[in-house]
Every structure is written in structure tokens, then in C-alpha cells.
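Asker: Chain by chain, the residues run as shown.
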Amino acid sequence: MNVELTDLTRRFGRTTAVSGVTLEAGPGVFGLLGPNGAGKTSLLRMMATVIPPTSGRLRLLGRDPGSYAPRREVRRKLGYLPQSLGYYPGFTVADFVEYFALLKDMPPGRVPAAVAAAIEQVGLGDRARAKLRTLSGGMLRRAGIAQAIVNDPDLLLLDEPTAGLDPEQRVAFRGLLREFGQRATVIVSTHLVEDVGAACTEVALMEQGRIVFHGTPAELTARGEGSGAAGDAPLERGYSAVLAAARSVPAARA
Amino acid sequence: MDDDELIAAVAGGDDAALRELFSRHAPWLAARLRAMLPAAEVEDALQETFLAVWQGASGYRWARPGGAAGGWLWGIARRQAALLLRRRGPAAVVLPAVFAPGGQQAGDPAEAVLARADLDQAVAALGPAGGPEREVWRLLYLEDRPVAEVAQLLGVPAGTVKSRAHRARRLLRGALGGGPAAGGGKR
Amino acid sequence: MSGTDAGPPDVDLGRVWLAVAAQVWRREPGWAERAARRLLRSPGLARALVTTPSLLLGWLIATAVVLAAGAVATLGTGTPYVPLLAPAVAAAGIAYAYGPGIDPAWELSRSMAVSDRMVLLVRALAVFGLNAALGLAASAASGVTAAVTFGWLVPMTAACALALAAATLAKSANVGVAVGLAGWVITVLSGNAAAGRLTTAVTDSALVLPYLAFAVCCGAIAAYATRITRGTS
Chain W
1 MNVELTDLTR RFGRTTAVSG VTLEAGPGVF GLLGPNGAGK TSLLRMMATV IPPTSGRLRL
61 LGRDPGSYAP RREVRRKLGY LPQSLGYYPG FTVADFVEYF ALLKDMPPGR VPAAVAAAIE
121 QVGLGDRARA KLRTLSGGML RRAGIAQAIV NDPDLLLLDE PTAGLDPEQR VAFRGLLREF
181 GQRATVIVST HLVEDVGAAC TEVALMEQGR IVFHGTPAEL TARGEGSGAA GDAPLERGYS
241 AVLAAARSVP AARA
Chain Y
1 MDDDELIAAV AGGDDAALRE LFSRHAPWLA ARLRAMLPAA EVEDALQETF LAVWQGASGY
61 RWARPGGAAG GWLWGIARRQ AALLLRRRGP AAVVLPAVFA PGGQQAGDPA EAVLARADLD
121 QAVAALGPAG GPEREVWRLL YLEDRPVAEV AQLLGVPAGT VKSRAHRARR LLRGALGGGP
181 AAGGGKR
Chain E
1 MSGTDAGPPD VDLGRVWLAV AAQVWRREPG WAERAARRLL RSPGLARALV TTPSLLLGWL
61 IATAVVLAAG AVATLGTGTP YVPLLAPAVA AAGIAYAYGP GIDPAWELSR SMAVSDRMVL
121 LVRALAVFGL NAALGLAASA ASGVTAAVTF GWLVPMTAAC ALALAAATLA KSANVGVAVG
181 LAGWVITVLS GNAAAGRLTT AVTDSALVLP YLAFAVCCGA IAAYATRITR GTS
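Residue numbers (this note's numbering), protein chains in the order written: chain W, 1 to 254; chain Y, 1 to 187; chain E, 1 to 233.
Bound-form chain W, shown alone:
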């Protein structure tokens, strides 16, 4: 198991972003669905060791990231793409990927080859030495994916990775996900339900900080059958059905 979350909670002042999430994930592609504000990004940030949990237990790659040394170990094998990624306009794509490869403690001898492989894998090979300020939004996103995968991570966390990618690039990206899912845990947070259906082996749905569904895409689709829920595609209908059910339950939010 690469990810073990037990009753994980995260509060910001009086707001509870993540509430009592319990989850386990091994190798494979794991989809995290949910509307805006559901807590997906906070959950991903906790798994990326960017913010600590308020309560609950978090184990990543068999370690407790609460203390410095294990946290550093985890970060070496971590790949993270935040939802909004700033960039340094004067850097080239190669500079950018190389910079974060070095910050992930990759041995410098291995860095150039890994950077080249990552850049080619996201399809930016003809723009490797172009300055980031000359790139479109989709290309910047792909550069962000490249830095996430450059260190061949065991835990790959991607927050809205397909924003700005055209359909062809999304298909290529799903291939990349599947390839990494063979040996690593890939967690993709997205609001694009089709992305999830095509690449993920497991799906979790979040609403108001809680997990309201956890299963396979097929099971999510099954929830939508005959429910009359909104949606053009079966998976979307399942998504809407589960959300509707979750919202209709008046639960006391801690």
C-alpha cells in the first residue's frame, strides 16, 4: 500500500475542508471526483506533504510524513502537479524540469536523461529549450506534468492535469497514466468524468469533505442506472446520482 489514510481531517479556522477520510491505495490509477469545494485539493495537498492534517493518520509509501527525515524520503519518490502552477517566465522547459528534478534530490548524473525522457513523454520535445513565457496554457500544464514524472515517482498526485489539453493530448495523457499506474500509485483529481472512466481502475467521490463513494468506475455507472439522474454519459449519471443521494442526507458536519 502506497497510501494509507485513516480518518484524515483538515480544518482551516472554522471551515472543515476534509472530514474523516479513510482510504487505501496501492499501485494503479485512482480517480478523485467531486464538485468544486469538495475538498479534493486539500486532500491532495496533504498527500503531497504540502500541508499537515489537523487530525487522523497519514502514511505515505510506508512512512509517517510527520517528521522531517521520513518526509524527505517520501518527497524524493513523490510527483505532484498542483491545480495552479506558477512558472518562471525566463526558464526554458528543460530548465524548469531540471530545476525540480534537482530539488527532488535526484542524483545529478541521472538528471539530464530523466529530463529528456520526461519532456518527450509529455510531447514537448520540439519545445524543450523554448522559454516558458512563450508556451500556451496546455503546454505549461504538460511542462508541469513533466516535472511531476521526472523522478519516476512511486506516488504521483495530479490536480486537474488535463486543464487546457486538447482531446488528442488527453488521450496521450491517459496512456501515460496507465503506464505509470503499472508500478506506482497515481491519484488524479479531476472534474472531467470521462477522464476518470477511461484511465482509472478505482474511483472515489468527494462531497463537502467526505468520501461518498468508493469503488470501480463500473460500480459508479451502476449507481446511475434507472435513477433518472442528470448526465449525458452513464458515468456522469452515476456521479450525479451519488451526489444527489449524498446531499439529500441531512448529516451533522463536525
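Treat each hint with caution, since some may be false.
[Claimed, not checked] Chain E is nowhere near these chain Y residues, computed Cβ spacing over 10 Å in every case:
hint, residue
1, P27
2, A39
3, L83
4, L85
5, R86
6, P128
7, G130
8, Y141
9, L142
10, E143
11, P146
12, A151
13, L153
14, G155
15, A158
[To be verified] Dumping the calculated SDA-like pairs for lysine to any residue here, alpha-carbon to alpha-carbon at most 20 Å:
hint, chain 1, residue 1, chain 2, residue 2
16, W, K131, W, S84
17, E, K171, W, Q83
18, W, K77, E, S115
19, E, K171, W, Y88
20, W, K131, E, P29
21, E, K171, W, L85
22, Y, K162, Y, Y141
23, W, K131, E, A22
24, W, K131, E, T51
25, E, K171, E, A225
26, W, K131, Y, A16
27, W, K131, E, S115
28, E, K171, W, P89
29, W, K77, E, S42
30, E, K171, W, K131
The set of hints was computed from the structure by calculation and includes no laboratory data.
Please read these numbers as outputs of a predicted model, since none were measured by experiment.
By construction, the Cβ of each residue, glycine as well, lies at the ideal position given by its N, Cα and C atoms.
Place chains Y and E on chain W using the hints.
Answerer: Then chains Y and E, alone, in the frame of chain W:
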């Protein structure tokens, strides 16, 4: 962009042009190299070739229209292959070893068979291994050594080397019938 | 990779291109980065250090020019300008140590094995050290007394700490520069108003402890600002 423009761009530091050059020319360069070297050595030679292109593109003089780029690239590739052969051992063993069963190249099996037959026949025409023309050809063309060095290695004057090379070329031309496989550098 | 479908089947052209690209795309570390690698024992930290905006050649040259101008002015007029300029220049430099690697990709930086706080610390120290060296050279060249030559190091520490605290709190280098400079100008002018000399702020030994205490407070604020997390959901 045509090849000349690509090479000019590479000379100006455009790595995307190098990438395009690679995708256009690496396949046929690899096929030609494969006729001389085993697969692993082909990869190394090809890598060295394009790194040399990256560094030396400013030295390219496009004197004649069309086809010059291919010749220039092949020239670099041949040199790199020769360097490799010199570093890794005698050339004589490599050629026959390359045409192992199942070593068919994709893309043009007929060409491969032809090339192999041509070369086998041509090499045979140079005389027995260790003979004067064969040795000169091996050292001068296969291992790309300068005339002076070959003369020193064989213990003969430079003039003798040159006349033996001339004879070897004549024999090869005759054996190959002056066809497409004669010499390199044509695309 | 286009074109890899042709060529001999046992030759991996994709792998060959990656090997070429690795050499063509890499940024070979310069002498400064190589030295930093050995000193800091961390290639990541070294790369973060040499990409500090206020350590780039242009910035360093500008700093040297400003301080040299101050030295020349001092030689001409007798007023020690270098001790007044150096803290300001250093504070600006410190605020711009808070650059790539911290902000704007701050969230990503906080997930790195080389921690963003470590990067900030190393950068701030390097900027401070370099500015101090340049300032001392300019100060000595302008022929003022030893007390004045060294006396501004403590105020400079305070000004830098202020700039750093402001920059990390506001997550903006510009805010850091503005606050640092404003704070220093106010200090100098108050010293002038209180004792009639512009250089009061750097020569009054009674101010040493307050400066240091202030610097420590600002340092604590900077440490706190780089520790807490911002943003919801």
C-alpha cells in the same frame, strides 16, 4: 524546411531543428550503419553522430543543391563508426558477424540482401584476408586512418599505400558493378 | 518520437534520440554552481542558489555600482554614504532572494525534498554575505573610520530581516523591498532628527541591541510565515 535550412538552424542553436533532422535521417543512417556494426554499436554511433552534428553544424558547406545534406551526415556517421571500430577491435570480424541469420532490416529486405551479397562478393574480390589490398582497404576505409598512419602500420611507403588503395577501389568497383552500393554518401 | 517506425528493428531510435537530447538540453553547471554543490553537499540547493534573482550577474553589478558611487560621493563630500546605502541595497537583495523556487510555484516548492525554507535560508545568507563584502570594500575604499566601516553591519541585518519578514508574509518580493527600504529610510531620518547627523542610525552604539532584537523578531516572523499554510480547500 529542407535539410539545408535545418542544418543552418542547428548551427544557430535550434534544437528543434536537430530533432527534425534526427527523425528524417536517423532511420536510413541506422540502416546503413547496421550493415557495418551490431545493433548496440549502431545506437552508440548514431548518438555520437548527432551530437557531432549539434556541435559541428556550422562547418557544413552546402555547395551543391539537393542531396548534399545526406552525404554530409553519412560522412559524419561513417567517421563515428570508424572511431568506434578502432576503439573496440578489429574490423574484419565485424562485417560477416553483422549478417547473422534473422538480421533482416525492416523497410527493404531486398536492399539488405543485395547489400550483403554485394559486399560479400566485393570483399572477396579484394583477395584473401591479410592480403595487401584487403589490409589497405580495412585500415584506410573501414578504420578511416590517414595514409601516413596506414603506411607506418604496414611498413610500406605512402605511395605504395596509395597505389594499393587505388587497386582496391578498382577491384571493388568491378565487383560491385558500379551500382548503388558502391561507396557511401549517396542518398 | 516521430520517425522511429523506420530503420532496423533491433535499433532503438527513440533511445538514441533521448541520449542525444539529454546532452543537448542540459544546463551544464558553471563554476559557481559546482562550488556551491561541494559546499552545500546538495545539487538541488546549489541550483536554487545560483538561480536567485538578486545573485544574478546583472543585479550584482548594479549593487557594486551603487556602492561604488556612494564611495566616490563620500570621498568628495565627506558624508559616509556607503553605510547608509548598503543596508538598503542589501534589504532589496534579500527580498528578491524570495524569487523562483519560493514564489510563484510556492505550492510545488513545499513538496520538494530540498525544503523551501532551506532554500530561502541559504539564499538569504548568500545575499547578505555578498552585500556585506561589497559594502565593506566600498566602505574601506571611501576612507572613513573603522567604526563607520563596520558599524552598518548590524543595521543592515535588521533591514534585511525586515525585508525578509515582509516578503514572506506578503508572499511578494516587491512588498519586501518596499517595506525594507521604507523602514530603513525612516530609521535614518529619525536618527537624523534626533541627533542631527544622518549617520546616527549606523554609528550610535546604543542602537545595536535594539537592532539585533528587531532582527530576531523579524526572523521569527519569516520562519512563521514560511511554516503556516495559506489558502483553503
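Asker: Are the hints correct? Go through all of them and say.
Answerer: So, going through the hints one by one against the coordinates:
1. At roughly 3 Å, the least C-beta separation between P27/Y and chain E is not larger than 10 Å, which violates its mark as non-interface.
2. Its beta-carbon lying about 4 Å from the closest one in chain E, A39/Y breaks the requirement of being farther than 10 Å from that chain.
3. Against the 10 Å criterion, L83/Y stays outside the reach of chain E, whose nearest CB is about 16 Å from its own CB.
4. Even its closest Cβ contact with chain E, about 17 Å, leaves L85/Y beyond 10 Å, as expected for a residue assigned away from the interface.
5. With a cut of 10 Å on Cβ distances, R86/Y stays outside the contact zone with chain E, its closest approach being about 21 Å.
6. Non-interface call for P128/Y relative to chain E: holds, since the shortest CB-CB distance, roughly 30 Å, exceeds 10 Å.
7. With a minimum CB-CB distance of about 31 Å to chain E, G130/Y clears the 10 Å threshold, and the non-interface call stands.
8. The Cβ of Y141/Y lies farther than 10 Å from every Cβ of chain E, with a closest approach of about 22 Å, so its non-interface assignment holds.
9. At roughly 20 Å, the least C-beta separation between L142/Y and chain E is larger than 10 Å, which holds for a residue marked as non-interface.
10. Interface exclusion of E143/Y from chain E stands, the closest Cβ pair being 22 Å apart, more than 10 Å.
11. The claim that P146/Y is not at the interface with chain E holds, since no C-beta of that chain comes within 10 Å of its own (minimum 28 Å).
12. The non-interface label for A151/Y is consistent with chain E: the shortest C-beta to C-beta separation is roughly 36 Å, beyond 10 Å.
13. Separation of L153/Y from chain E is adequate, the least Cβ-Cβ distance of about 32 Å exceeding the 10 Å criterion.
14. No Cβ of chain E approaches the Cβ of G155/Y within 10 Å, the least distance being about 39 Å, so the stated non-interface status holds.
15. Remark: the non-interface label on A158/Y is consistent with the geometry, its nearest Cβ contact in chain E lying 38 Å away (cut-off 10 Å).
16. Between K131/W and S84/W the CA atoms are separated by roughly 19 Å; this keeps the pair inside 20 Å, and the hint holds.
17. Of the supplied pair hints, the one linking K171/E and Q83/W holds, its CA atoms being roughly 18 Å apart against a limit of 20 Å.
18. Only pairs whose Cα atoms come within 20 Å are accepted, and K77/W paired with S115/E is accepted, the gap being roughly 14 Å.
19. Among the hinted pairs, K171/E with Y88/W is consistent with the structure: their alpha-carbon atoms are about 15 Å apart, no more than 20 Å.
20. With a CA separation close to 19 Å, the supplied pair K131/W and P29/E stays within the 20 Å bound.
21. Note on K171/E and L85/W: the hinted pairing holds, with a Cα-Cα distance of about 15 Å set against a maximum of 20 Å.
22. This hinted pair checks out: K162/Y and Y141/Y have alpha carbons roughly 12 Å apart, not beyond 20 Å.
23. Simply put, K131/W and A22/E have alpha-carbon atoms about 18 Å apart, close enough for the 20 Å limit, and the pair holds.
24. About 15 Å separates the Cα atoms of K131/W and T51/E, which keeps this hinted pair within 20 Å; it holds.
25. Among the hinted pairs, K171/E with A225/E is consistent with the structure: their alpha-carbon atoms are about 9 Å apart, no more than 20 Å.
26. Among the hinted pairs, K131/W with A16/Y is consistent with the structure: their alpha-carbon atoms are about 13 Å apart, no more than 20 Å.
27. For a cut-off of 20 Å, the pair hint linking K131/W to S115/E is broken: about 26 Å separates their Cα positions.
28. Using a Cα cut-off of 20 Å, the hinted pair K171/E and P89/W holds, with the two alpha carbons roughly 18 Å apart.
29. Between K77/W and S42/E the CA atoms are separated by roughly 17 Å; this keeps the pair inside 20 Å, and the hint holds.
30. A hinted pair counts as satisfied when its Cα atoms are at most 20 Å apart, and K171/E with K131/W does not qualify at roughly 24 Å.
In summary, the numbered hints that this structure violates are 1, 2, 27 and 30.
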